[in-house]
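Novice: Sequence:
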Amino acid sequence: MTNLTLQLPLWANIALFVLCAAGVWFAGSRLTYLADTLSDRLNLAKSLVGLVFLALATSLPEVATTLTAAIERQSELVLNNLFGGIALQTAILGVADFWTRGAITNYPRKAIHALEAILLVALLAMVQSVLIIDEPFALVDVGIGSVVVGLAYGGAILLLRRYDGNNDWVPVDIPPDTDAPESPFAAVRLQKMETGRLLVASAG
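Counting from 1, position 38 in the sequence shown corresponds to residue 71 in our numbering; the numbering is continuous, with no gaps.
Check before you lean on any hint, since a few could be wrong.
[Said to hold, decoys possible] So the derived label-pair ranges between C-beta atoms look like this:
(1) Leu100 x Leu191: 16 to 26 Å
(2) Arg194 x Leu43: 48 to 58 Å
(3) Asn76 x Pro42: 19 to 29 Å
(4) Gln40 x Ala103: 24 to 34 Å
(5) Ile166 x Val57: 34 to 44 Å
(6) Leu192 x Leu126: 20 to 30 Å
(7) Leu153 x Trp58: 24 to 34 Å
(8) Leu156 x Leu126: 10 to 20 Å
(9) Phe170 x Ala144: 33 to 43 Å
(10) Gly127 x Thr70: 24 to 34 Å
(11) Glu168 x Thr70: 40 to 50 Å
(12) Ala120 x Leu191: 21 to 31 Å
Quick caveat, the hints were computed from the structure, so don't treat them as lab data.
Every residue gets a Cβ at the ideal spot worked out from N, C-alpha and C, and that includes glycine.
Produce the entire structure from the sequences given, and follow the hints as far as they go.
Specialist: Here it is as structure tokens:
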């Protein structure tokens with residue numbers, strides 16, 4: 034396939050790329066529809082379906098490249114592929130914000146999304162820690178760190194499944210308590226402001 038694309042003229046390669054991109058775009062929109070239908074029929078949270086079903090389907094190229102790099106013991110390539118994919122997806126969210134009304138973070142009003150972000154950071158930190166400490170031993174050619182990360186991922190899925198039925202939350206402003214005692218730092222701030230005013234007046 035590579036030799037064939039090298040023999041094709043530039044316009045043919047561009048046309049082939051556009052055709053493949055259109056196929057990926059159509060498959061992605063179809064996957065979103067199927068994931069939404071699956072969530073409704075099985076009574077599953079859309080966040081969980083997106084986290085497992087859509088993430089697995091859209092990450093198949095990354096799975097192939099990561100497995101190939103892992104077999105060839107290219108740990109740096111595996112790590113950069115992992116972090117690069119997450120960085121690109123975050124950048125895509127930033128670009129998508131230009132086509133939405135208001136901030137894109139206003140739409141998912143569930144605490145589970147904050148929990149997902151926390152678990153993601155924890156898993157990434159765990160992977161980075163395993164690579165830094167350089168696992169001293171392996172079990173049946175499988176690093177103990179890989180087993181721990183896999184178990185942690187399964188635990189994260191179970192934890193998210195437990196909290197996926199929580200209701201939406203909306204941040205509210207809490208009025209200040211007028212009966213609360215005055216802060217002891219208020220006098221200090223007032224004294225600083227008065228000192229500053231005197232310094233400005235003396236300098237003038």
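Novice: Now, for every hint given, state plainly whether the structure supports it.
Specialist: How the hints compare with the structure:
no., hint, result
1, Leu100 x Leu191: 16 to 26 Å, "25 Å, holds"
2, Arg194 x Leu43: 48 to 58 Å, "50 Å, holds"
3, Asn76 x Pro42: 19 to 29 Å, "53 Å, violated"
4, Gln40 x Ala103: 24 to 34 Å, "33 Å, holds"
5, Ile166 x Val57: 34 to 44 Å, "38 Å, holds"
6, Leu192 x Leu126: 20 to 30 Å, "23 Å, holds"
7, Leu153 x Trp58: 24 to 34 Å, "26 Å, holds"
8, Leu156 x Leu126: 10 to 20 Å, "19 Å, holds"
9, Phe170 x Ala144: 33 to 43 Å, "39 Å, holds"
10, Gly127 x Thr70: 24 to 34 Å, "29 Å, holds"
11, Glu168 x Thr70: 40 to 50 Å, "42 Å, holds"
12, Ala120 x Leu191: 21 to 31 Å, "27 Å, holds"
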